[in-house]
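> Kindly generate the complete structure, drawing on both the sequences and the hints.
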Amino acid sequence: MMYPQMIAAATPDLTYTWSQALADLGQISPIAALTGFMLLAIITDLALPRGRRGGVVAMVAVTGFTYSLATAAYRWVYTTNGPAYHGYATGDSFALFFEVLFASLGILTVAISHPYLQRRGLREGEFHVLIMAAVIGMMVLGAATSLVTVFLGLELFSIALYIACGFVRTDSSSQESAAKYLLVGGFASAFVLYGMALVYGAAGTTLIPEIAKRIGSSSSGDPLLILGILLMGVGFAFKVSAAPFHMWTPDVYQGAPIPVTAFMSVGTKAAAFAMIVRVFAAGLPHLGPEWQALLAFVAATSMIVGNLLAIAQSSLKRLLAYSGVAQAGYILIGVIAGGKQGLAAVLFYLFIYLFMNFGAFAVVTLMSSADGDHDRIEDLDGLSRRSWPMAVLMSVFMLSLAGFPPFVGFFGKLFLFTAGVNAGYTWLVVLAVLMSVVSVYYYVRVLVPVWSPSTRSESLGASFSNWFAIGLSGAASLGLGIYPTWLLLAGQLGAVPITGQ
Amino acid sequence: MTLTAIWLLPLIGGLLIAFMPPHIAKYMAVLVALGALAIAGYVAFSFAPGYNRYQFIEAVPWIPQLHVFYRLGVDGISLWLVVLNAFLTLIAVLATPVLMKGASRFIGLMLAMSAGMAGVLMATDLVLFYVFWEAMLIPAYFLLWLFGEGDRPGRAALKFVLYTLVGSLLMLVGVIGEYVFTGQQTFDLAKLSTIAPSASIQFGLFFVFALAFAIKTPLFPFHAWLPDAYAAAPTPMLITFAGVMGKTGAYGFLRIAIPLFPDPTWLWDWRWVVPVLAVLGIVWGALMAIAQRDMKMLVAYSSVSHMGFIVLGIFSLNVQGQQGAILQMVNHGVIIPALFLIVAWIQDRTGTRDRSAIVGLAPRMPIMAGVFLLVTLAALGLPGLNSFVGEFMTLLGAWQLAPVLAVIGAIGLVLAPVYMLRLFQGAMYAETPYPKRVDDIYAGQLTLLAPLVVLMFALGLAPGVLTSLMTSVAQSGLAR
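Sequences listed follow chains A and B, in order.
Using our numbering, read the first sequence as starting at 152 and increasing by one per residue.
Using our numbering, read the second sequence as starting at 1198 and increasing by one per residue.
Hint data in this document are derived by calculation from the structure and do not stem from the laboratory.
Glycine is no exception: its CB is placed at the ideal position from the N, C-alpha and C atoms.
Careful, some of the hints might be misleading.
So the derived label-pair ranges between C-beta atoms look like this [to be verified]: (1) Gly622/A with Leu1643/B: 45 to 53 Å; (2) Tyr1224/B with Ser323/A: 53 to 61 Å; (3) Ser605/A with Glu1628/B: 49 to 57 Å; (4) Leu1477/B with Gly622/A: 45 to 53 Å; (5) Ser465/A with Thr1549/B: 35 to 43 Å.
Structure follows, in structure tokens:
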């Protein structure tokens, strides 16, 4: 078979002016700014005496994330956004949406990891730098409009996270987690890369908008593309931790320090969904039936496997890992449904998942002590006596994850499911709601030790930054439920670059 | 804002009251409940009879992208249930002992649950209805679990929640399906009842909605959660839990399942399946009630039987039946709390609910015996007391649908005196009086019961007060 486009693609525009360079830098300014702050953090960490480093680097990191968030928000409102660097990256609203999401995640992560690292007596400086590097990688993924940039972002955040997982050098389970993540993650990256190579072979370009133009519905039977979609789909499913490629998730989550787990559970998932949407929905819209069938299978298995296996868990990290598998299944419904409605629902859900899932993990960080993480469900024993606001917040997170109104998780599901039914995937939605019933069982089970009578009453020792992160997540989990309109609107605007209306 | 206040006042009040010291909490809660009742009463007094549509409408865009509105309204179907909910909330708060452990939290959760039920009864937007429907489960779960009786209240609470959720989460698919398949992209109940999807779609949607309502009501054979939950529920909670929450299921049939799906016929006609189940429930509940030794369980199963009458009336699809059903919802809401209260008080005094251990109480507590007799007679449907009118009307309606249903349903009327009189006589009369001295009913308890008893007479003698505001609406429910 011939691919005549390949010849046409070989003549890029080689002139590159200063003004163009500045404009391009402007398009990726949230990422660029954060990179600057990361370098500053590294220098600070080197320059300051050992005792002072941690707090200052944390401040630099928070400032960097806040600056990046503000830049992204400013650009969302005031500037014209579009492709940059010859179409390899973009500053469009989709990218900005994810930049805001990841910057918020970064702030929350630093807020809970600063007291956590002190509590466990771990070095702080490197940790925050790693988180910043991972956030940069995730942002690159959101802004990527070329298969090359997609892979760049993917590897950037993965490598940072491999190290972060093994951050507790003295703890063998942390080491195990890092090793597993490295091996499985490398495996997944290889899959993605192989798939990309095949798609490149078929399309003759790595630029996603170009791929969309060149691959019409006429090439739907092309074995190169089918195999490419299959391989990329497998790699993506690994990254969003969707079944049947979820096996690494519980093990890695369990071994990694809790702030890293919290960060990964939200960040990796959101970044991988950004990647799926960019590559599949924006890049291969004409091959919808092919990848939709693949993702529908993955979504169905994820919902079943995730929810059923979560029941048996006694570790909160593992429970939330499996719940994350199930949630990935719900979100995939929106991706499969596609269109403005479906993608807006996906973006909405990813953003609220930040608050409810991160909040739940953040409460668990409070249980840890110098000797390690205490993440068994029984470790929450007596939380309502130890701190009732914390118990209320934990209940909000669990009920929101379970999809109870008026908390935001319900509205996320409502939007996803509406898109699903609208697109004709009623069977998938019915499966999702039936599995949601199962999920209520294990989410509520977490609340049993929280509210049961107990003899424990020692103080939680939550610091201001803990309260900030958890309180903010709780307020968002309730507030965005009572008034979800603006976030949904943001999701709709964020989906415009993909759907093109 | 009038209707908003009816649910928002108890909710905000409940959240604040949960953190007050018990004595102040109860005092404040009574004020809040009185306030909500006053507003509900105002709505009932200024309600325009003969106007078939929603009144006191509030409509604010909520999620414009999905055409979701914050829409409230009352009509002749919901009006009396809203009042009943506010009234029973007041009784429940008054019945809560200040000295119970965690009384403030208990009262706070009770008010929150009451707010959720008020919202369900007033919502006229499907999504809003669903939000309230699910949200009221949260306080109900915590009430059952944290304040439940018996050795494993947590299990009963979880069983209740999971049972209900199977139905209500499938209902979520129905809510979305109604939005998508009618092709109108609206959740407005008033508008949806004027457009119906094709018969096969109606068939499917009716099923998912009806399943949710059947579980909540509960309709035979979906009542398996009820014995555990009612056994675990503390008595003040039962006043609204049995008195109103079960009705939200029946109300759902009347508000959503029937008007939105006028012809749910594809493989078979669902409108025949439900009344048959209702009749089975009447007989089954009555037989189970006869077999109970535990007094509380006897009352719980009698409730299953009575709810059967209500659903039978609703699905008779005619004015008498549906009016009777609404009337019976109110009646049942007045009688069941009284029964549960009396049973609880007997248990307080004797230390048991086992019927074989409680005999000959009447000489020890003559006033209690008198009140108990009145309530018993009301529950078994004596003419002149409230239940008779409602049951008669539902059976009249059912007769017009199919005489055989009315005849089998009437068996329930025959069995009701059997279990009710056995309950009353067994506890109160015997050849020898109860061996130990027990106190008679306290004045405070009598005052608590008095409004319920007065209502039993009032509704029995002048049901027209209620039906005059219902008439047109039950018709409008059928008119389409």
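> Now tell me, hint by hint, if it's right for this structure.
Cross-check of the supplied hints:
| no. | hint | in the structure |
| --- | --- | --- |
| 1 | Gly622/A with Leu1643/B: 45 to 53 Å | 48 Å, holds |
| 2 | Tyr1224/B with Ser323/A: 53 to 61 Å | 59 Å, holds |
| 3 | Ser605/A with Glu1628/B: 49 to 57 Å | 51 Å, holds |
| 4 | Leu1477/B with Gly622/A: 45 to 53 Å | 52 Å, holds |
| 5 | Ser465/A with Thr1549/B: 35 to 43 Å | 39 Å, holds |
The structure meets every hint from the earlier list without exception.
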